[in-house]
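Chains as they are written, first to last, in the numbering used here: chain F, 1 to 163; chain W, 1 to 561; chain U, 1 to 176; chain V, 1 to 237.
FYI, nobody ran anything at the bench for these hints, they're computed from the structure. Don't take each hint at face value.
[Said to hold, decoys possible] Cross-link-like lysine-lysine pairs, in silico, BS3-like; alpha carbons within 25 Å at most:
{"id": "1", "chain 1": "W", "residue 1": "Lys-498", "chain 2": "V", "residue 2": "Lys-53"}
{"id": "2", "chain 1": "U", "residue 1": "Lys-71", "chain 2": "W", "residue 2": "Lys-534"}
{"id": "3", "chain 1": "W", "residue 1": "Lys-119", "chain 2": "W", "residue 2": "Lys-90"}
{"id": "4", "chain 1": "F", "residue 1": "Lys-7", "chain 2": "W", "residue 2": "Lys-90"}
{"id": "5", "chain 1": "U", "residue 1": "Lys-71", "chain 2": "U", "residue 2": "Lys-106"}
{"id": "6", "chain 1": "W", "residue 1": "Lys-302", "chain 2": "F", "residue 2": "Lys-80"}
{"id": "7", "chain 1": "F", "residue 1": "Lys-18", "chain 2": "W", "residue 2": "Lys-90"}
{"id": "8", "chain 1": "F", "residue 1": "Lys-101", "chain 2": "F", "residue 2": "Lys-123"}
{"id": "9", "chain 1": "W", "residue 1": "Lys-498", "chain 2": "F", "residue 2": "Lys-150"}
{"id": "10", "chain 1": "W", "residue 1": "Lys-102", "chain 2": "W", "residue 2": "Lys-90"}
{"id": "11", "chain 1": "F", "residue 1": "Lys-101", "chain 2": "W", "residue 2": "Lys-498"}
{"id": "12", "chain 1": "F", "residue 1": "Lys-116", "chain 2": "W", "residue 2": "Lys-302"}
[What the hints assert, rightly or not] Label pairs and their in silico Cβ distance ranges:
{"id": "13", "chain 1": "W", "residue 1": "Ser-486", "chain 2": "F", "residue 2": "Pro-81", "range": "45 to 55 Å"}
{"id": "14", "chain 1": "F", "residue 1": "Pro-81", "chain 2": "U", "residue 2": "Leu-110", "range": "48 to 58 Å"}
{"id": "15", "chain 1": "W", "residue 1": "Arg-257", "chain 2": "F", "residue 2": "Asp-49", "range": "44 to 54 Å"}
{"id": "16", "chain 1": "F", "residue 1": "Asp-49", "chain 2": "W", "residue 2": "Asp-412", "range": "53 to 63 Å"}
{"id": "17", "chain 1": "U", "residue 1": "Tyr-109", "chain 2": "W", "residue 2": "Asp-392", "range": "56 to 66 Å"}
{"id": "18", "chain 1": "V", "residue 1": "Glu-80", "chain 2": "F", "residue 2": "Ile-19", "range": "31 to 41 Å"}
{"id": "19", "chain 1": "U", "residue 1": "Tyr-109", "chain 2": "V", "residue 2": "Thr-131", "range": "13 to 23 Å"}
{"id": "20", "chain 1": "W", "residue 1": "Arg-253", "chain 2": "F", "residue 2": "Gly-110", "range": "58 to 68 Å"}
{"id": "21", "chain 1": "U", "residue 1": "Thr-166", "chain 2": "W", "residue 2": "Asp-415", "range": "23 to 33 Å"}
{"id": "22", "chain 1": "U", "residue 1": "Ile-22", "chain 2": "V", "residue 2": "Lys-210", "range": "53 to 63 Å"}
Quantities reported herein were computed from a predicted structural model and do not represent experimental measurements. Cβ atoms here follow ideal geometry from the backbone N, Cα and C, with glycine treated the same way.
Take a look at the letters that make up each chain.
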Amino acid sequence: MPVLHAKPAPPSDDKRWKIVETRMRRMGDRPYALIEALHAAQEAFGYLDESALNYVGDTLGVPHSRVYGVATFYSYFTLKPQGEHTCVVCTGTACYINGAKEILAGIERGLGVKPKQTTPDGKLSILTARCLGACSLAPAVIVDGAVMGKIGAAELVAQLEAM
Amino acid sequence: MSEQPAAARPVRHRAAVATPAGETRASAYVCEAASCMSAQAHDITVNLAAQCAAAGLTDVMVKRVGCLGLCAAGPLVEIPQTGELFAQVKPGDLGGLITALKSVKPGATPKPQGPFFEKQLRVATENMGRVDPESLEDYIGRGGYEALQRVLADMTSTEVREVVSQSGLRGRGGAGYPTALKWTTVAKAEGKQKYVICNADEGDPGAFMDRSVLESDPFRILEGMAIAAFAVHATEGYIYCRAEYPLAVARLRTAIRLAQRAGFLGANIADTSFTFDVQVRLGAGAFVCGEETALIASVEGKRGTPRPRPPYPAVEGLYGCPTLINNVETFANVPAILRKGADWYASIGLGKSRGTKVFALAGRIVNTGLVEVPMGMTLREIIYDIGGGIIDGRPFKAVQTGGPSGGCIPADYLDSPVSYETLIDLGSFMGSGGMIVMDDTSCMVDVARYFQDFCRDESCGKCVPCRVGTTQLWMLLDKICRGQASLADLDQLERLAKVVQKMSLCGLGQGAPNPIFSTLRYFRDEYLAHIVDKRCPAGVCEIVRLPDARPLDAQPTEVPA
Amino acid sequence: MSRPRIATVWLDGCSGCHMSLIDLDERILDIFGRADLVYGPLVDVKVFPENVDVCLVEGAVSSVDDLERIKTVRERTKTLIAFGDCAVTSNVPGMRNPIGVEPLLKRAYLENVDINPMIPNRIVPQLLPTSQPVNRFVDVDIFLPGCPPHADLIYTLLDDLLSGRTPSVAGARFGR
Amino acid sequence: MTVYTLKIDGRDVAGSEGQSIMDVAEENGIDIPGLCHLPGIHDRGACRLCVVKIGGSPRLAAACVTRIAEGMDVVAHDEELEEYRRAATEMMFLERNHVCAVCVANNHCELQELSADLGMTHFELPRISPTVDVDLSHKLFGLDHNRCILCLRCVRVCDEIEGAHVWDVMHRGLETRIQADMGVDWGDSATCTSCGKCVQVCPTGALFEKGRPVAAGTRDERPFLPWLRVHQEERGL
Numbered sequence: 001m002p003v004l005h006a007k008p009a010p011p012s013d014d015k016r017w018k019i020v021e022t023r024m025r026r027m028g029d030r031p032y033a034l035i036e037a038l039h040a041a042q043e044a045f046g047y048l049d050e051s052a053l054n055y056v057g058d059t060l061g062v063p064h065s066r067v068y069g070v071a072t073f074y075s076y077f078t079l080k081p082q083g084e085h086t087c088v089v090c091t092g093t094a095c096y097i098n099g100a101k102e103i104l105a106g107i108e109r110g111l112g113v114k115p116k117q118t119t120p121d122g123k124l125s126i127l128t129a130r131c132l133g134a135c136s137l138a139p140a141v142i143v144d145g146a147v148m149g150k151i152g153a154a155e156l157v158a159q160l161e162a163m
Numbered sequence: 001m002s003e004q005p006a007a008a009r010p011v012r013h014r015a016a017v018a019t020p021a022g023e024t025r026a027s028a029y030v031c032e033a034a035s036c037m038s039a040q041a042h043d044i045t046v047n048l049a050a051q052c053a054a055a056g057l058t059d060v061m062v063k064r065v066g067c068l069g070l071c072a073a074g075p076l077v078e079i080p081q082t083g084e085l086f087a088q089v090k091p092g093d094l095g096g097l098i099t100a101l102k103s104v105k106p107g108a109t110p111k112p113q114g115p116f117f118e119k120q121l122r123v124a125t126e127n128m129g130r131v132d133p134e135s136l137e138d139y140i141g142r143g144g145y146e147a148l149q150r151v152l153a154d155m156t157s158t159e160v161r162e163v164v165s166q167s168g169l170r171g172r173g174g175a176g177y178p179t180a181l182k183w184t185t186v187a188k189a190e191g192k193q194k195y196v197i198c199n200a201d202e203g204d205p206g207a208f209m210d211r212s213v214l215e216s217d218p219f220r221i222l223e224g225m226a227i228a229a230f231a232v233h234a235t236e237g238y239i240y241c242r243a244e245y246p247l248a249v250a251r252l253r254t255a256i257r258l259a260q261r262a263g264f265l266g267a268n269i270a271d272t273s274f275t276f277d278v279q280v281r282l283g284a285g286a287f288v289c290g291e292e293t294a295l296i297a298s299v300e301g302k303r304g305t306p307r308p309r310p311p312y313p314a315v316e317g318l319y320g321c322p323t324l325i326n327n328v329e330t331f332a333n334v335p336a337i338l339r340k341g342a343d344w345y346a347s348i349g350l351g352k353s354r355g356t357k358v359f360a361l362a363g364r365i366v367n368t369g370l371v372e373v374p375m376g377m378t379l380r381e382i383i384y385d386i387g388g389g390i391i392d393g394r395p396f397k398a399v400q401t402g403g404p405s406g407g408c409i410p411a412d413y414l415d416s417p418v419s420y421e422t423l424i425d426l427g428s429f430m431g432s433g434g435m436i437v438m439d440d441t442s443c444m445v446d447v448a449r450y451f452q453d454f455c456r457d458e459s460c461g462k463c464v465p466c467r468v469g470t471t472q473l474w475m476l477l478d479k480i481c482r483g484q485a486s487l488a489d490l491d492q493l494e495r496l497a498k499v500v501q502k503m504s505l506c507g508l509g510q511g512a513p514n515p516i517f518s519t520l521r522y523f524r525d526e527y528l529a530h531i532v533d534k535r536c537p538a539g540v541c542e543i544v545r546l547p548d549a550r551p552l553d554a555q556p557t558e559v560p561a
Numbered sequence: 001m002s003r004p005r006i007a008t009v010w011l012d013g014c015s016g017c018h019m020s021l022i023d024l025d026e027r028i029l030d031i032f033g034r035a036d037l038v039y040g041p042l043v044d045v046k047v048f049p050e051n052v053d054v055c056l057v058e059g060a061v062s063s064v065d066d067l068e069r070i071k072t073v074r075e076r077t078k079t080l081i082a083f084g085d086c087a088v089t090s091n092v093p094g095m096r097n098p099i100g101v102e103p104l105l106k107r108a109y110l111e112n113v114d115i116n117p118m119i120p121n122r123i124v125p126q127l128l129p130t131s132q133p134v135n136r137f138v139d140v141d142i143f144l145p146g147c148p149p150h151a152d153l154i155y156t157l158l159d160d161l162l163s164g165r166t167p168s169v170a171g172a173r174f175g176r
Numbered sequence: 001m002t003v004y005t006l007k008i009d010g011r012d013v014a015g016s017e018g019q020s021i022m023d024v025a026e027e028n029g030i031d032i033p034g035l036c037h038l039p040g041i042h043d044r045g046a047c048r049l050c051v052v053k054i055g056g057s058p059r060l061a062a063a064c065v066t067r068i069a070e071g072m073d074v075v076a077h078d079e080e081l082e083e084y085r086r087a088a089t090e091m092m093f094l095e096r097n098h099v100c101a102v103c104v105a106n107n108h109c110e111l112q113e114l115s116a117d118l119g120m121t122h123f124e125l126p127r128i129s130p131t132v133d134v135d136l137s138h139k140l141f142g143l144d145h146n147r148c149i150l151c152l153r154c155v156r157v158c159d160e161i162e163g164a165h166v167w168d169v170m171h172r173g174l175e176t177r178i179q180a181d182m183g184v185d186w187g188d189s190a191t192c193t194s195c196g197k198c199v200q201v202c203p204t205g206a207l208f209e210k211g212r213p214v215a216a217g218t219r220d221e222r223p224f225l226p227w228l229r230v231h232q233e234e235r236g237l
């Protein structure tokens with residue numbers, strides 16, 4: 001039996017909440033819609049802040065601690081706003097044996113940021129991916145959505161610095 | 001790792017960009033799978049269509065297709081009439097292609113395409129690179145939905161399971177559990193509501209088979225799932241797909257919509273009483289969700305942690321109901337088996353491993369890409385004949401199969417045939433089908449450390465041996481790699497690996513020590529070189545040399561001023 | 001045959017284990033009636049002697065000095081006993097490990113000091129990055145956990161060793 | 001109800017359909033260790049201490065979540081299993097910063113008790129020594145992550161018995177932590193009823209009542225969860 005609870009109002013009148021609300025409603029506002037709802041919220045806002053987590057949890061009748069548990073379990077969800085630019089470094093096996101380690105080391109040396117960190121000026125976030133499935137381009141990185149394959153650390157750092 | 005590879009953000013566009021009104025004399029198949037897409041393949045399609053129109057080539061068809069397989073040479077365009085494959089095509093330089101298209105004679109026969117293609121046997125990937133992944137007509141034109149229609153018209157669910165049983169099909173997700181056995185368990189399990197789930201949470205690093213299948217031939221998965229649903233009396237299906245594969249997700253969603261519209265999904269499929277519908281559920285970046293029970297938890301909107309089995313999902317799965325979970329490639333084989341017959345399928349293969357297997361070749365290999373070969377082909381044929389050997393002609397060192405639960409197979413066994421059984425005998429594992437080739441520039445201890453790092457990062461944290469053990473194993477391997485370890489540490493490594501293997505709750509933890517076992521089995525000398533000689537034979541590891549003989553953790557700490 | 005030579009060593013610990021040894025009461029006469037106490041806080045010997053048969057090591061290995069000493073002990077001792085929780089698990093000294101040496105010293109010698117705050121750099125031995133149990137650095141023959149190990153357990157163990165029986169640490173446990 | 005007969009460690013025992021191996025063993029006075037197991041809340045088979053061998057299968061099964069079957073032949077104790085259990089217990093000690101000597105649970109800690117039962121005298125592997133928090137924001141209770149073994153009894157008792165679902169886990173792998181509401185300080189939790197059930201079920205000193213001296217060596221007895229007291233008495237705590 002679904003728990004009966006009052007549906008909360010969205011945290012603000014930002015139109016993007018409509019998208020989140022619709023995605024949840026299509027799944028009957030049931031607890032199993034949690035991950036889909038978090039996807040919708042992150043797509044809409046770029047990250048998940050506390051108001052989004054509360055809103056989703058209250059709508060679906062999921063305890064807040066569980067919402068937080070789910071949002072922190074999956075690496076795809078991010079609770080912090082990302083930098084203006086993002087650089088995703090693939091660390092899949094093919095990229096690893098073709099130099100992904102050197103790329104990450106090069107970024108850390110050159111820009112002083114580690115994976116999952118954002119530069120202090122908020123310009124650039126460095127992320128890693130388990131495998132982009134683009135093994136033919138190894139080592140591969142994605143800079144602001146564009147894949148760059150067979151790239152060296154120095155070349156990449158130069159590009160990132162130029163941004 | 002909040003990856004958001006917007007690279008492959010799908011672009012909505014028409015099926016064939018140029019379709020001749022009359023007879024098609026020549027065609028250009030532009031690969032629009034993820035790897036080529038990231039190299040502007042879509043611009044090629046658009047530009048090529050425009051230039052064909054400008055050149056007055058009204059009898060030329062330009063269409064996007066799924067993966068052409070030879071990803072290393074992308075972006076790729078094929079002229080199927082002649083079999084010519086254009087590699088590394090530039091969107092701004094299509095003159096050569098136009099010339100080739102002009103010169104195709106009507107009724108031309110394809111010329112041989114070389115061993116990369118000819119040694120392959122395509123079943124699960126038979127439509128890959130042939131059909132437009134977003135065109136139902138194209139799929140039907142290649143025999144699509146014949147199998148489902150025949151099943152619904154002429155067969156009982158028992159008969160369908162019988163055919164699958166006789167084909168010898170086994171789960172392509174890794175463990176190789178007989179598919180028909182699973183189907184029968186679900187069919188016979190008590191419960192009004194049953195589910196079919198397609199496991200498309202392809203997480204092994206260096207594996208991209210499922211991605212290519214989903215991007216290239218999504219209808220095939222839907223058909224396979226529908227047949228399975230009929231065979232196990234299920235009415236609802238889910239495809240659990242990695243969110244990191246946006247192109248695959250988009251194509252699946254399109255395919256579902258088109259199939260629903262055409263009556264291949266939904267109520268009363270093909271005018272029978274059979275009802276089955278499919279929804280896509282997105283993963284969110286957790287490798288462990290490839291494990292069945294974790295996947296179910298994730299579909300239910302929970303933390304993707306596995307639970308002990310039994311009860312198996314076939315009896316108590318999604319929402320507590322009997323649930324069939326098969327992986328993408330398994331479902332991709334089903335329509336072909338039903339269409340061509342169990343005997344045909346069973347005639348391919350070796351021993352208890354029947355049919356074909358799709359492999360993703362990657363690493364230090366010339367022809368990085370996707371291949372499908374009959375079970376029983378030797379590693380040498382796959383790596384050298386199809387894969388083109390090692391980059392720069394360097395010496396082959398090992399091939400890693402089975403992902404983080406797999407192992408590294410050395411050169412001595414290159415002539416072993418590939419099957420579920422032989423790989424296990426060699427201390428590795430079929431896994432989902434990633435094959436990472438390594439040459440003398442890879443250090444095997446470092447590779448073991450890499451996989452352990454992966455496992456500890458992806459451990460869900462539920463059970464103690466995996467949560468703590470994988471980290472302890474990684475710490476030991478790291479110590480060895482840095483030249484700080486003793487022989488006693490090596491003993492500890494072996495002892496602990498055994499504990500983690502035996503005690504862990506799910507396959508992730510149980511399989512995590514496998515890369516250690518296999519590298520110890522074949523490359524013990526490399527471990528000893530790090531420990532005894534304090535040297536990395538491949539020159540990969542940074543051996544920490546200290547002014548005095550004490551190891552790192554016994555170095556005095558500088559007092560702050 | 002010469003009498004067995006017993007030594008005790010006090011590394012980074014609170015000396016509570018030595019107190020427990022003294023708690024043997026009259027049994028201490030029994031033990032050292034059969035063996036010689038050749039080194040330790042209870043006797044005035046400056047250098048750890050050669051040819052020690054049994055050595056009870058109290059405390060974790062936390063400093064450069066501890067490390068040098070435990071190596072010497074190992075070289076000159078037949079049966080090395082990790083004596084009490086600090087030697088066995090690093091126990092209380094190990095509580096500093098997550099903190100790190102620098103913040104630790106700052107807290108202890110600068111932030112919490114009113115008069116002439118400074119981090120000592122002479123006389124006090126340099127700390128190792130972490131405080132570790134004895135078996136992280138040298139082989140240990142017998143572990144006797146407990147904080148401190150009960151005098152009865154110490155007696156049983158020493159009695160076993162002196163009588164040539166297989167030494168028993170049954171009943172020993174962490175903490176308490 | 002169907003009754004099954006089976007063997008545990010060579011002894012003939014009987015139980016009813018749906019019971020776990022752990023239940024039947026307990027009823028027959030066969031002690032199988034377990035730290036995440038607690039009667040009255042759902043089992044999750046996560047600490048792996050209760051693993052047993054069934055009918056010569058190479059795969060070990062957690063006794064707390066494996067239902068009995070007719071003719072089952074269970075080995076709950078042998079040298080190999082004891083070694084694995086010791087290894088798993090060692091991992092629990094090494095994961096966080098357990099210091100028995102100065103722990104509020106000293107002398108009434110299930111982890112400490114277990115290590116003694118298994119005859120553990122030392123650790124072979126190094127400590128991981130993570131930096132973790134101590135949350136003393138609640139007016140009555142404290143949470144010391146240094147001593148948490150992630151058995152999740154607190155999460156389950158709060159959800160299943162108290163119905164508040166204050167607790168859940170966040171992050172994953174070695175980063176997994178117990179957390180209240182949206183990862184807030186316990187004292188700021190809007191859902192906590194201060195019932196103290198989580199403190200009562202904690203096998204170690206991770207959740208504790210403020211103001212009880214280390215030297216007390218006992219737990220405060222509370223009238224709720226009578227079955228729990230029975231369980232603790234059985235284990236001599």
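Here is how each hint holds up against the structure:
The suggested pairing of W/Lys-498 with V/Lys-53 holds, with an alpha-carbon distance near 16 Å, which does not exceed 25 Å. Between U/Lys-71 and W/Lys-534 the CA atoms are separated by roughly 22 Å; this keeps the pair inside 25 Å, and the hint holds. For the proposed pair W/Lys-119 and W/Lys-90, the alpha carbon gap of about 28 Å is over 25 Å, so the pair is violated. Taken as a hint, the F/Lys-7 and W/Lys-90 pair is broken in the structure, with Cα atoms around 53 Å apart against an allowance of 25 Å.
A distance of roughly 29 Å separates the Cα atoms of U/Lys-71 and U/Lys-106; the hinted pair therefore is violated under the 25 Å criterion. Of the supplied pair hints, the one linking W/Lys-302 and F/Lys-80 holds, its CA atoms being roughly 21 Å apart against a limit of 25 Å. The suggested pairing of F/Lys-18 with W/Lys-90 is violated, with an alpha-carbon distance near 42 Å, which exceeds 25 Å. A hinted pair counts as satisfied when its Cα atoms are at most 25 Å apart, and F/Lys-101 with F/Lys-123 qualifies at roughly 23 Å.
This hinted pair does not check out: W/Lys-498 and F/Lys-150 have alpha carbons roughly 38 Å apart, beyond 25 Å. This hinted pair checks out: W/Lys-102 and W/Lys-90 have alpha carbons roughly 19 Å apart, not beyond 25 Å. For the given pair, F/Lys-101 sits about 29 Å from W/Lys-498 by alpha-carbon distance, which is inconsistent with the 25 Å threshold. The suggested pairing of F/Lys-116 with W/Lys-302 holds, with an alpha-carbon distance near 24 Å, which does not exceed 25 Å.
For W/Ser-486 and F/Pro-81, the hinted distance range of 45 to 55 Å is satisfied, since their beta carbons lie about 47 Å from each other. The hinted window of 48 to 58 Å between F/Pro-81 and U/Leu-110 is violated, with their beta carbons roughly 37 Å apart. Separated by about 33 Å at the C-beta atoms, W/Arg-257 and F/Asp-49 break the suggested range of 44 to 54 Å. Between F/Asp-49 and W/Asp-412 the Cβ separation comes to about 56 Å, which falls inside the hinted range of 53 to 63 Å.
Restraint check, U/Tyr-109 to W/Asp-392: a C-beta distance of roughly 58 Å satisfies the suggested window 56 to 66 Å. For the pair V/Glu-80 and F/Ile-19, the beta carbons lie near 55 Å from each other, so the given range of 31 to 41 Å is not met. Checked against the hint of 13 to 23 Å, the pair U/Tyr-109 and V/Thr-131 passes, with Cβ atoms roughly 21 Å apart. Distance hint check: the CB atoms of W/Arg-253 and F/Gly-110 are about 40 Å apart, inconsistent with the given range 58 to 68 Å.
Between U/Thr-166 and W/Asp-415 the Cβ separation comes to about 54 Å, which falls outside the hinted range of 23 to 33 Å. Between U/Ile-22 and V/Lys-210 the CB atoms are about 36 Å apart, so this pair departs from the stated range of 53 to 63 Å.
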